[in-house]
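Student: Below, each chain spelled out in residue letters.
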Amino acid sequence: MLLLERRPVDSTLMRWASPVLALTLTVITGFGLFLAMGKDPVEGLTFFFITPISDLIGLAELGLKMAPLLLCAAGLTVCYRARLWNIGAEGHFLMGALGASVVAVQLVDASGFWVLPVVLLAGIVAGALWAAIAAGLKTHLHCNEILTTIMLNYIALNLLLYAVHGPLKDPYGFGFPQSVMFGEAALLPDLIPGTRLHLGLAFGLLAAVSVWALFARSFIGFQLNVVGQDSRAAAFAGFSARRLTWFAFLVGGATAGLAGASEVTGPIGQLVPQVSPGYGYTAIIVVFLGRMHALGIIAASALLALTFIGGEMLQIAMNMPKATTGLFQGLLLFYLLTCDAFIHYRIRLNRPARQFIPKAAIAAAPEV
Amino acid sequence: MTAGLRLKLENIVKEYPGCRANDGIDLTVEAGEIHALLGENGAGKSTLMKVIYGVVQPDEGRVVWNGRPVTVDSPARARELGIGMVFQHFSLFETLTVAENIALGLPADEARDRRKLDQRIREVSERYGMVLDPRRYVSTLSVGERQRVEIIRCLIQETTLLILDEPTSVLTPQEVAHLFTTLRKLAKEGCSILFISHKLEEVRSLCHNATVLRQGRVSGDCRPAEVSASDIARLMVGDDTPISTRVPAAKAGDLLLQVRNLCWKSSDPFGTSLKDVNLDLHQGEIVGIAGVAGNGQDELLKALSGEIPRTRGDMNLGGFSISGLAPDRRRRLGIAVVPEERLGRGAVPRMSLAENALLTASGQGLVERGLVRFSRVREFSREVIRRFDVRCNDEHSTAASLSGGNLQKYIIGREALQNPRLLVASHPTWGVDVGSAVAIHEALVRLRDEGASILLISEDLEELFQLCSRIGALCDGRLSTLAPATELTIEQLGQWMAGQFEHAEASHVAA
Numbered sequence: 001m002l003l004l005e006r007r008p009v010d011s012t013l014m015r016w017a018s019p020v021l022a023l024t025l026t027v028i029t030g031f032g033l034f035l036a037m038g039k040d041p042v043e044g045l046t047f048f049f050i051t052p053i054s055d056l057i058g059l060a061e062l063g064l065k066m067a068p069l070l071l072c073a074a075g076l077t078v079c080y081r082a083r084l085w086n087i088g089a090e091g092h093f094l095m096g097a098l099g100a101s102v103v104a105v106q107l108v109d110a111s112g113f114w115v116l117p118v119v120l121l122a123g124i125v126a127g128a129l130w131a132a133i134a135a136g137l138k139t140h141l142h143c144n145e146i147l148t149t150i151m152l153n154y155i156a157l158n159l160l161l162y163a164v165h166g167p168l169k170d171p172y173g174f175g176f177p178q179s180v181m182f183g184e185a186a187l188l189p190d191l192i193p194g195t196r197l198h199l200g201l202a203f204g205l206l207a208a209v210s211v212w213a214l215f216a217r218s219f220i221g222f223q224l225n226v227v228g229q230d231s232r233a234a235a236f237a238g239f240s241a242r243r244l245t246w247f248a249f250l251v252g253g254a255t256a257g258l259a260g261a262s263e264v265t266g267p268i269g270q271l272v273p274q275v276s277p278g279y280g281y282t283a284i285i286v287v288f289l290g291r292m293h294a295l296g297i298i299a300a301s302a303l304l305a306l307t308f309i310g311g312e313m314l315q316i317a318m319n320m321p322k323a324t325t326g327l328f329q330g331l332l333l334f335y336l337l338t339c340d341a342f343i344h345y346r347i348r349l350n351r352p353a354r355q356f357i358p359k360a361a362i363a364a365a366p367e368v
Numbered sequence: 001m002t003a004g005l006r007l008k009l010e011n012i013v014k015e016y017p018g019c020r021a022n023d024g025i026d027l028t029v030e031a032g033e034i035h036a037l038l039g040e041n042g043a044g045k046s047t048l049m050k051v052i053y054g055v056v057q058p059d060e061g062r063v064v065w066n067g068r069p070v071t072v073d074s075p076a077r078a079r080e081l082g083i084g085m086v087f088q089h090f091s092l093f094e095t096l097t098v099a100e101n102i103a104l105g106l107p108a109d110e111a112r113d114r115r116k117l118d119q120r121i122r123e124v125s126e127r128y129g130m131v132l133d134p135r136r137y138v139s140t141l142s143v144g145e146r147q148r149v150e151i152i153r154c155l156i157q158e159t160t161l162l163i164l165d166e167p168t169s170v171l172t173p174q175e176v177a178h179l180f181t182t183l184r185k186l187a188k189e190g191c192s193i194l195f196i197s198h199k200l201e202e203v204r205s206l207c208h209n210a211t212v213l214r215q216g217r218v219s220g221d222c223r224p225a226e227v228s229a230s231d232i233a234r235l236m237v238g239d240d241t242p243i244s245t246r247v248p249a250a251k252a253g254d255l256l257l258q259v260r261n262l263c264w265k266s267s268d269p270f271g272t273s274l275k276d277v278n279l280d281l282h283q284g285e286i287v288g289i290a291g292v293a294g295n296g297q298d299e300l301l302k303a304l305s306g307e308i309p310r311t312r313g314d315m316n317l318g319g320f321s322i323s324g325l326a327p328d329r330r331r332r333l334g335i336a337v338v339p340e341e342r343l344g345r346g347a348v349p350r351m352s353l354a355e356n357a358l359l360t361a362s363g364q365g366l367v368e369r370g371l372v373r374f375s376r377v378r379e380f381s382r383e384v385i386r387r388f389d390v391r392c393n394d395e396h397s398t399a400a401s402l403s404g405g406n407l408q409k410y411i412i413g414r415e416a417l418q419n420p421r422l423l424v425a426s427h428p429t430w431g432v433d434v435g436s437a438v439a440i441h442e443a444l445v446r447l448r449d450e451g452a453s454i455l456l457i458s459e460d461l462e463e464l465f466q467l468c469s470r471i472g473a474l475c476d477g478r479l480s481t482l483a484p485a486t487e488l489t490i491e492q493l494g495q496w497m498a499g500q501f502e503h504a505e506a507s508h509v510a511a
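Chains as they are written, first to last, in the working numbering: chain A, 1 to 368; chain B, 1 to 511.
These aren't lab readings, by the way, just hints derived from the structure by calculation.
Don't be surprised by glycine CBs; every beta carbon is placed ideally from N, CA and C.
It cannot be assumed that every hint is accurate.
Claimed, not checked - FRET-style restraints, in silico, Cβ to Cβ:
#1 A:P117 / B:E368: 29 to 37 Å
#2 A:W85 / B:N419: 37 to 45 Å
#3 B:G271 / A:P273: 46 to 54 Å
#4 B:G431 / A:S11: 49 to 57 Å
#5 A:Y345 / B:E126: 36 to 44 Å
#6 B:E110 / A:H140: 46 to 54 Å
#7 B:N316 / A:P167: 55 to 63 Å
#8 A:L147 / B:K265: 24 to 32 Å
#9 A:T12 / B:G431: 25 to 33 Å
#10 B:G61 / A:T29: 44 to 52 Å
#11 A:L13 / B:N316: 52 to 60 Å
#12 A:P189 / B:E341: 50 to 58 Å
#13 B:E442 / A:D10: 33 to 41 Å
Please build the complete structure, drawing on both the sequences and the hints.
Tutor: Right under this line is the structure:
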């Protein structure tokens with residue numbers, strides 16, 4: 001019989017092997033799924049994982065999708081290190097997009113270098129304010145942040161839909177629910193000419209590096225770690241859980257808000273209802289896959305960005321449903337959580353069942 | 001077969017990942033014998049008890065019960081055989097009555113007839129001098145009475161071997177004496193008792209025989225009444241550790257800490273509220289607070305450290321009010337704290353020793369403009385390790401990897417090296433090996449001689465009388481007067497621990 005046994009010391013090897021193992025298992029399962037659907041699995045996996053990044057345009061698209069994931073994941077890392085399970089990056093992202101759009105629409109005809117920073121700042125502030133609601137509910141009313149952030153995500157989505165159907169709707173947009181195209185001064189510059197890759201990726205990388213510095217160098221990063229690992233030690237040391245909760249949520253909201261702002265000022269150029277294919281949720285997978293570590297989340301965001309464009313590629317090339325992206329992301333998270341169990345536990349073969357002496361046998365046993 | 005040989009363990013081996021808890025242990029207990037099992041924390045006492053009581057299975061070895069080899073594969077089986085155990089932490093439901101709690105452990109047919117059960121409980125409790133009303137709710141019982149419930153629960157099932165795990169740690173001296181009378185009576189009637197303890201004087205007065213464990217092996221057997229306590233201590237700790245400290249008298253200086261009418265209402269229905277605590281502490285003295293566990297010791301420590309934010313009454317440190325200040329602010333004013341729980345409060349288990357230094361010592365120039373100066377953190381940590389003889393790989397070892405005694409030395413060292421004006425230490429040597437305990441006592445005395453005040457909260461009366469110039473006791477959140485240790489008798493302190501002090505007297509503070 002197999003036994004799951006607690007390891008005396010957590011396995012460092014498994015900590016980093018687990019994501020690789022999870023990816024491998026995802027690919028194997030994907031292989032089986034393609035077979036089951038009667039598609040060529042090798043072709044399918046190639047379209048999903050390799051074709052999208054086989055040229056510069058593809059790589060630029062990858063970077064384009066990485067940018068919002070990285071920004072959201074960086075903020076979530078700050079929360080998760082402190083064991084604040086903020087699921088609200090999607091909501092922060094949408095509010096960031098909405099906030100930036102509100103300002104950008106007012107500044108369509110404005111010009112000057114100040115326009116873009118103002119628009120981006122509006123996104124940051126909107127995201128942070130949205131996160132502040134959940135932070136306040138947690139610190140003052142002890143509401144569980146998982147529930148409040150999820151609910152706030154839906155409210156944010158509906159606010160955004162209201163805006164594009166109402167106040168921000170382009171009056172000359174043939175009735176489509178979208179805003180006017182932003183002015184040139186409100187758009188992010190491209191990083192590589194001829195591609196859609198824009199400055200957002202630089203923001204993302206900068207956020208990842210900042211998170212690294214926060215936890216490797218700063219005292220507040222240390223305090224966040226202590227609160228996450230041992231809240232009683234934090235109380236003993238006098239680290240204010242309330243102050244740290246606010247800090248983590250505001251950082252999480254600001255980065256996701258910037259991600260939303262970068263998305264509307266970058267590749268899209270206007271506010272549309274489908275501004276996010278679920279970046280805020282996918283970023284949760286990125287954080288766990290990346291081991292809450294800066295380098296890890298950069299690699300993980302690249303991989304999950306690939307699932308978005310791989311999924312699109314499968315839709316085009318093999319007529320696969322759009323759900324493929326979600327399926328692969330779900331598989332990956334599922335396997336990751338399973339493999340993570342082996343950081344703390346190991347499998348042991350049980351010894352042969354121990355001898356059981358029934359009561360009757362004891363009564364009959366010869367005296368010693 | 002030996003007549004009256006009740007339990008015989010042969011070569012018991014139990015291995016846990018990374019530690020051989022029992023390494024070939026032999027033990028015999030005869031009928032009617034009170035047998036002590038001695039050893040420091042981590043010597044393997046608890047594991048051996050769990051083997052006997054069927055909680056864990058030995059990897060090797062044989063258990064012989066009344067002359068027949070048996071497999072005790074569950075506590076239920078142990079109870080069937082006649083083995084009863086009273087754990088250190090009671091397993092009673094506070095919201096049920098005494099009789100209901102006892103009925104839970106009985107076979108269904110015996111538990112059903114409540115009137116008969118009440119009758120049996122009364123009979124057993126009166127026979128052994130443990131008066132107990134079966135209809136009372138456990139939540140209304142004192143700790144000593146709860147222990148009686150546990151013992152009666154065993155006796156009612158015709159137990160012939162009673163295992164008691166550190167039974168006296170929760171009792172006042174008077175209650176201990178009472179318990180011993182009961183146990184002697186039980187033994188006289190033929191019940192065997194396995195008495196686990198590390199309090200040597202108790203073992204010497206009560207037990208017929210003793211088996212001493214060290215590092216999972218039997219390090220010796222003795223008749224405790226016939227050898228000295230230090231001989232037994234020697235068997236417990238080995239040859240190379242000092243076993244006591246000499247404490248020169250203190251010269252108390254100016255008033256440092258003044259606590260007036262400190263009150264705090266616990267929101268936990270089973271917690272302890274602090275009621276009108278008054279306390280004066282002078283520079284260069286150690287003041288001891290005795291008390292049975294759970295009578296407000298932790299609450300008092302938290303009120304002083306600032307972990308409990310909203311208290312009523314006044315707290316003054318050197319004429320400066322500290323009421324309402326957060327723990328880190330108080331630390332900057334010179335208050336250092338050593339909490340009862342080392343892992344999970346005094347230190348973060350999975351963080352390194354260096355990081356754990358940063359936990360409370362950030363004010364020692366280890367943080368500049370919000371950035372951690374890691375080289376200084378490591379230096380500070382190495383200094384603690386060196387000066388307090390902490391046995392570990394280096395400052396990168398995790399807190400969880402250290403033994404209790406070594407981690408405690410590290411925590412005390414971390415606080416002491418910050419040159420506190422006041423150190424509040426709770427149970428600093430609880431569960432610590434004798435060698436570390438001596439080192440910790442020496443560190444406290446050194447700190448005192450450097451002019452710091454120390455408030456020592458402990459259940460170990462020997463420790464308090466050894467170190468403190470004045471001693472008081474907490475009972476149900478009230479503090480007795482503080483009497484000079486030289487004038488205080490252990491009987492008087494025992495009465496205080498049981499709450500027998502006039503409240504008017506308590507609010508008057510001995511200068």
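Student: Evaluate each hint against the coordinates.
Tutor: A quick look at each hint next to the structure:
no., hint, result
1, A:P117 / B:E368: 29 to 37 Å, "31 Å, holds"
2, A:W85 / B:N419: 37 to 45 Å, "41 Å, holds"
3, B:G271 / A:P273: 46 to 54 Å, "53 Å, holds"
4, B:G431 / A:S11: 49 to 57 Å, "29 Å, violated"
5, A:Y345 / B:E126: 36 to 44 Å, "51 Å, violated"
6, B:E110 / A:H140: 46 to 54 Å, "53 Å, holds"
7, B:N316 / A:P167: 55 to 63 Å, "60 Å, holds"
8, A:L147 / B:K265: 24 to 32 Å, "30 Å, holds"
9, A:T12 / B:G431: 25 to 33 Å, "29 Å, holds"
10, B:G61 / A:T29: 44 to 52 Å, "47 Å, holds"
11, A:L13 / B:N316: 52 to 60 Å, "54 Å, holds"
12, A:P189 / B:E341: 50 to 58 Å, "55 Å, holds"
13, B:E442 / A:D10: 33 to 41 Å, "35 Å, holds"
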